[in-house]
Amino acid sequence: MPSVQKQFKRQLDSLVKVFDFIDQFVARENVDDDAKGVVCLAVEELFTNMIKYEGANSNDISLELRVDGEMIIVQLVDHDVEPFDMTKRPVPDLGALLKDRKPGGLGIFLTQKLVDDMQYQYVDRTSIITLKKNFRRKYV
Amino acid sequence: MFDIKLSDSGEVVLSGRFDAAQVEKAKAILDRLTVTTSVDFKDLNYVSSAGLGVLMATQKRLGDKGQKLILKNVTGHIRDIFRIARFDLIFEID
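Top line first, the protein sequences correspond to chains A and B. Last residue of the first sequence: 140 (our numbering), numbering continuous. Last residue of the second sequence: 1094 (our numbering), numbering continuous.
Quick caveat, the hints were computed from the structure, so don't treat them as lab data. Quantities reported herein were computed from a predicted structural model and do not represent experimental measurements. Some hints here could point you the wrong way.
Said to hold, decoys possible - Derived list of chain B stretches under chain A, where covered just means 3 residues or more per stretch with a C-beta under 8 Å from a C-beta of chain A:
| no. | stretch |
| --- | --- |
| 1 | 1014-1027 |
| 2 | 1053-1060 |
| 3 | 1084-1091 |
Quick reminder that beta carbons are idealized off the backbone N, C-alpha and C, glycines included.
Please construct the entire structure, taking both the sequences and the accompanying hints into account.
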């Protein structure tokens, strides 16, 4: 099945269009709801981190989705940025008391726990993050 | 489409998709809470770390006054996220 790819403006308001794009793809591929939820969460967490850490960058962020067998492959590409390997973020202290807990780092931690594979590449000032998530088809 | 309402009985009701773009809308309601309050997740179908952060901040603020949020009807994919984030340690989940 061919991949789909789209550019999104680097702003929180883009999330509605990002989710619409994912919704159309998973509907076409009959992806189960659990995997769809994971893909949405992973893309949101990575996309919002790209906004947060490269806010002054005016380039759009590219999102590509494709299926390979029973695996959804998601790729986010961010051009003309400093290197920022989200796969190497420190693990938040989830056992801390409420008063000591901090929200930072939770999104990437959740993403890494929920997807089956997450790889980071940095080439020619471009960050490329590739995720894989196993899924079941809702119907055949 | 995300929505958050305060019911006549004082319960917070969430619905739709609670993503990073909805933080201010959620805070407008949650920041008004001053006593122990139930939050109903029955019609919520998605939450990201941004939503979790707002809930955590509210729980901290209420906890300083001896109050808390009680989360209800947390199921499916959202329950998995709560378990991985160890929110069971900091929230009462009915």
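Each hint, compared with the structure:
With 4 residues having a Cβ less than 8 Å from any Cβ of chain A, the stretch 1014-1027 of chain B passes the three-residue criterion, so the hint holds. Look at the stretch 1053-1060 of chain B against chain A: 5 of its residues bring a Cβ nearer than 8 Å to a Cβ of that chain, three or more, so the hint holds. Counting residues of the stretch 1084-1091 of chain B whose C-beta lies closer than 8 Å to any C-beta of chain A gives 5; at least three are required, and the coverage claim holds.
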